[in-house]
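Trainee: Residue numbers (the numbering used here), protein chains in the order written: chain A, 1 to 112; chain B, 1001 to 1114.
Mixed in with the good hints there might be a few duds.
Claimed, not checked - A partial selection of chain A residues facing chain B, derived with a Cβ cut-off under 7 Å:
| no. | residue |
| --- | --- |
| 1 | PRO44 |
| 2 | LEU46 |
| 3 | ARG60 |
| 4 | PHE61 |
| 5 | ARG77 |
What the hints contain is simulated information worked out from the structure, not anything from laboratory work.
A virtual CB, placed ideally from N, CA and C, is assigned to each residue, including glycine.
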Amino acid sequence: QKEVEQNSGPLSVPEGAIASLNCTYSDRGSQSFFWYRQYSGKSPELIMFIYSNGDKEDGRFTAQLNKASQYVSLLIRDSQPSDSATYLCAVRNAGNNRKLIWGLGTSLAVNP
Amino acid sequence: EADIYQTPRYLVIGTGKKITLECSQTMGHDKMYWYQQDPGMELHLIHYSYGVNSTEKGDLSSESTVSRIRTEHFPLTLESARPSHTSQYLCASQTSGGVTGELFFGEGSRLTVL
């Protein structure tokens, strides 16, 4: 079992719909959680991070964290074709020298 | 947001050549990282540094070496490039804050070894 797991997709949604991306992690000591977006051939860019249980909203993006169930999700409202990319989940705990553990990413396609 | 720069963006070289990929950041971040990523594949940490004169190997074995003589500069060197080194190399720096620090990436250096 990988430490951080994501469905590789592709996840296909119509323009204007809500895209829901999920990530599970194995280490209960994990303390911080990050979502990155990576367009093909480009480097990852930070979308948002979350540290506390519950929801965190930033524009069209909402991160949801449930530490008891060990999952973190990213919701994208009013999806646009420009949201088509791979979304990477990254997790950090206090151990492991505080390095980020990366998921393989979920490919999202938003269809016009 | 960090300003982090990588050069060259693209490099095509012959087998056996020595190359250095440059990475610089202007935000004074202590923590810097080198990742390797093949198309459609996961990120692999190959080197990291938590400050000047501190360097560590990452999770993926790499024949490359790094140095950290200045806070802002974290170059990666391959003494003798081989076709197996063909990949995208991504440099990142991290804001302070321990577990809460965020990584910001440069635009990457795409290396092709013929």
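Trainee: With reference to the structure, classify each hint as holding or not holding.
Mentor: Hints versus structure:
1. With a least beta-carbon distance of about 5 Å to chain B, the hint placing A:PRO44 at the interface is held under the 7 Å criterion.
2. The interface hint given for A:LEU46 holds, since its Cβ lies 5 Å from the closest Cβ of chain B, which is under the 7 Å cut-off.
3. Because the smallest distance between the Cβ of A:ARG60 and any Cβ of chain B comes to about 19 Å, over 7 Å, the interface hint for this residue is violated.
4. Taking 7 Å as the C-beta contact cut-off toward chain B, the hint placing A:PHE61 at the interface is violated, the least distance being around 15 Å.
5. Hint status for A:ARG77: violated, given a least beta-carbon distance of 23 Å to chain B, over 7 Å.
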